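Those protein sequences? They're chains A and B, same order as listed. Using my numbering, read the first sequence as starting at 12 and increasing by one per residue. Using my numbering, read the second sequence as starting at 12 and increasing by one per residue.
It should be emphasised that the hints constitute simulated quantities derived from the structure, not laboratory data. Take these hints with a grain of salt, some might be off.
[As the list claims (entries may be wrong)] Simulated pairs of lysine-lysine, BS3-like, Cα-Cα distance not exceeding 27 Å:
id, chain 1, residue 1, chain 2, residue 2
1, A, 309, A, 268
2, B, 275, A, 284
3, A, 275, B, 275
4, B, 309, A, 268
5, B, 284, B, 309
6, A, 320, B, 309
[Said to hold, decoys possible] Non-contacting residues of chain A with respect to chain B, defined by C-beta distances greater than 10 Å in every case (computed):
id, residue
7, 124
8, 323
9, 325
[Claimed, not checked] Rough simulated footprint, nothing fancy, chain B against chain A, three-plus residues with beta-carbon under 8 Å:
id, segment
10, 166-177
11, 211-221
12, 310-317
13, 326-332
Computed from a predicted model, the values in this text were never measured in an experiment. Think of the CB as a built atom: it goes at the ideal place given N, C-alpha and C, for glycine as much as any other residue.
2 protein chains.
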Amino acid sequence: RHFHFCKLPGRVMGIRLLRFTSVVIIVLLLVAGALTALLPTIKDDKMPNLRREPKAQSQSALDSFTLIMQTYNRTDLLLKLLNHYQAIPHLHKVIVVWNNVGEKIPEEMWNSLGPHPVPVVFKVQTVNRMRNRLQNFPELETKAVLMMDDDTLVSAHDLAFAFSVWQQFPEHIVGFVPRKHISTPSGVYSYGSFELQNPGFGNGDQYSMVLIGAAFFHSGYLEDFQRQPEAVYALIDETQNCDDIAMNFLVAKHTGKPSGVFVKPVDIRNLEKDTNSGYSGMWHRAEHLLQRSYCVNKLVNIYDGMPLKYSNIMISQFGFPNYANHKNKM
Amino acid sequence: RHFHFCKLPGRVMGIRLLRFTSVVIIVLLLVAGALTALLPTIKDDKMPNLRREPKAQSQSALDSFTLIMQTYNRTDLLLKLLNHYQAIPHLHKVIVVWNNVGEKIPEEMWNSLGPHPVPVVFKVQTVNRMRNRLQNFPELETKAVLMMDDDTLVSAHDLAFAFSVWQQFPEHIVGFVPRKHISTPSGVYSYGSFELQNPGFGNGDQYSMVLIGAAFFHSGYLEDFQRQPEAVYALIDETQNCDDIAMNFLVAKHTGKPSGVFVKPVDIRNLEKDTNSGYSGMWHRAEHLLQRSYCVNKLVNIYDGMPLKYSNIMISQFGFPNYANHKNKM
Numbered sequence: 012r013h014f015h016f017c018k019l020p021g022r023v024m025g026i027r028l029l030r031f032t033s034v035v036i037i038v039l040l041l042v043a044g045a046l047t048a049l050l051p052t053i054k055d056d057k058m059p060n061l062r063r064e065p066k067a068q069s070q071s072a073l074d075s076f077t078l079i080m081q082t083y084n085r086t087d088l089l090l091k092l093l094n095h096y097q098a099i100p101h102l103h104k105v106i107v108v109w110n111n112v113g114e115k116i117p118e119e120m121w122n123s124l125g126p127h128p129v130p131v132v133f134k135v136q137t138v139n140r141m142r143n144r145l146q147n148f149p150e151l152e153t154k155a156v157l158m159m160d161d162d163t164l165v166s167a168h169d170l171a172f173a174f175s176v177w178q179q180f181p182e183h184i185v186g187f188v189p190r191k192h193i194s195t196p197s198g199v200y201s202y203g204s205f206e207l208q209n210p211g212f213g214n215g216d217q218y219s220m221v222l223i224g225a226a227f228f229h230s231g232y233l234e235d236f237q238r239q240p241e242a243v244y245a246l247i248d249e250t251q252n253c254d255d256i257a258m259n260f261l262v263a264k265h266t267g268k269p270s271g272v273f274v275k276p277v278d279i280r281n282l283e284k285d286t287n288s289g290y291s292g293m294w295h296r297a298e299h300l301l302q303r304s305y306c307v308n309k310l311v312n313i314y315d316g317m318p319l320k321y322s323n324i325m326i327s328q329f330g331f332p333n334y335a336n337h338k339n340k341m
Numbered sequence: 012r013h014f015h016f017c018k019l020p021g022r023v024m025g026i027r028l029l030r031f032t033s034v035v036i037i038v039l040l041l042v043a044g045a046l047t048a049l050l051p052t053i054k055d056d057k058m059p060n061l062r063r064e065p066k067a068q069s070q071s072a073l074d075s076f077t078l079i080m081q082t083y084n085r086t087d088l089l090l091k092l093l094n095h096y097q098a099i100p101h102l103h104k105v106i107v108v109w110n111n112v113g114e115k116i117p118e119e120m121w122n123s124l125g126p127h128p129v130p131v132v133f134k135v136q137t138v139n140r141m142r143n144r145l146q147n148f149p150e151l152e153t154k155a156v157l158m159m160d161d162d163t164l165v166s167a168h169d170l171a172f173a174f175s176v177w178q179q180f181p182e183h184i185v186g187f188v189p190r191k192h193i194s195t196p197s198g199v200y201s202y203g204s205f206e207l208q209n210p211g212f213g214n215g216d217q218y219s220m221v222l223i224g225a226a227f228f229h230s231g232y233l234e235d236f237q238r239q240p241e242a243v244y245a246l247i248d249e250t251q252n253c254d255d256i257a258m259n260f261l262v263a264k265h266t267g268k269p270s271g272v273f274v275k276p277v278d279i280r281n282l283e284k285d286t287n288s289g290y291s292g293m294w295h296r297a298e299h300l301l302q303r304s305y306c307v308n309k310l311v312n313i314y315d316g317m318p319l320k321y322s323n324i325m326i327s328q329f330g331f332p333n334y335a336n337h338k339n340k341m
């Protein structure tokens, strides 16, 4: 009994100490684990909040972009533009969003005219919706998306330069078409371009949006777009318009900065007049601009605030087309 | 003895356990401490490596800049320019680096023509040195420095815009005069401007330096400049040139990116011809450009490598002077 009694305190003390230290060690490990989780993520991907599923990170996926072009009733323009865009430097793949519901994709003709520089995927849509182009396509392998309207021709030089600019501003929409909103004393917002009054921050003009119909942006934003309030989809479907305004709201909310970076194009053309289909784009509808002002105000309601911010930064390519564009008396 | 004997194992076991757990706890605390140190620093100050002594951080010190203007033998130009620059928006103070050794500063005249919008400090120099303007002046209270040559007139609009650009790129030299280096097959570098061959990265031109004689940069770089190899000071003193090239090397090394951001000036003028002194600037010396190529190669030796990087980003102000500068067919 002595023996038993004598071991007991040691063992009890040992056990208590053991328990205590185990708890302390576990607590410290949890703290260490939490701190590790707070360490900055690897800087390669500058967008830690976008929960993009990991895909095979080939070298090309980082240094190239995917062209997403939605098309409706302008197949002649589409094919003309594809001949141009399929050869742009750093292009990884083309995704054609086929809004011609019920009409066969020109896959046979496309293949018969191969080989082609890059893969071109035709995504058949079941409903003709403006926001079809904002799906998170599984074929998308690159971090960068170039989105183009199917009637817009931008030169290869402009695109190569704008892509290099996007690589320096990957969280922004880097593109060729700036727009702005202004607020009025009544609190109602208006949408427009240069014709609208300047927002009044110093001299010159400001822009608060860059339209996605001719722009580069991070593919993670397509993933983000799938997680927006239902009211946003309803608005875009109701107007068949404003998906680009919605994207600018999304990006501005995400970054807390101006959503876009405007790159002044040297050569950008609208080929609308050249189509045989006789179809003219949505922006010819009488109510188009009013609709977009309407969208701005609806989105402010949906997002409970105005996240768009102004910028007056205009980027051009140094010494292109020629060095005269930067020569001065110095 | 039973008792003594029975306590001993318990106490020994307890002590061993205690020691062991103490060691474990200390190790875990050290690990936790190390992890905490790796947490990202507060993002307000984007330059965590510059050991700038904390000064009173008034609101104006963050939203304004200090003009540093060195002057030699052109007091008439200096005074003409001071009338202009003293009224630039967001200017906090002017520091005139008086290289007219032995000559009285025009303080009496300056005061008699007061009041002035901002304080102007005349720093009398004992030796006429080019690098006098790169001292870490105690009068400097702002994060931003605007450095101007004493014969250069830049419009208030350009300066206000460039300052706003600097605030978005605070680790860069944001200014109006781009230059570049090129490498040759022999490994020898050359210095120049648009007349030199393009470095060959795609089309258009590139720049790898922005001259500090008309530029904004972070005041922390003046502090950094005091800690450069002696050979750098010797080079600048030997040539009475190249302090700006040295600053570009310093900034490029610090950031690992292009040192400068070029803002295309709307109105920049060289007033050299207007001086009564008959003194024409250093850049008129026959050997000026050759000297600068010489400096590039010497600095590469001193820093054991070429840190300068190319950029082709040219920034202009959106819609200024008028909105025609961004209108296009879209």
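Tested hints:
no.: 1; hint: A:309 with A:268; in the structure: 21 Å, holds
no.: 2; hint: B:275 with A:284; in the structure: 36 Å, violated
no.: 3; hint: A:275 with B:275; in the structure: 14 Å, holds
no.: 4; hint: B:309 with A:268; in the structure: 42 Å, violated
no.: 5; hint: B:284 with B:309; in the structure: 32 Å, violated
no.: 6; hint: A:320 with B:309; in the structure: 46 Å, violated
no.: 7; hint: 124; in the structure: 29 Å, holds
no.: 8; hint: 323; in the structure: 4 Å, violated
no.: 9; hint: 325; in the structure: 4 Å, violated
no.: 10; hint: 166-177; in the structure: holds (count 5)
no.: 11; hint: 211-221; in the structure: holds (count 6)
no.: 12; hint: 310-317; in the structure: violated (count 0)
no.: 13; hint: 326-332; in the structure: holds (count 7)
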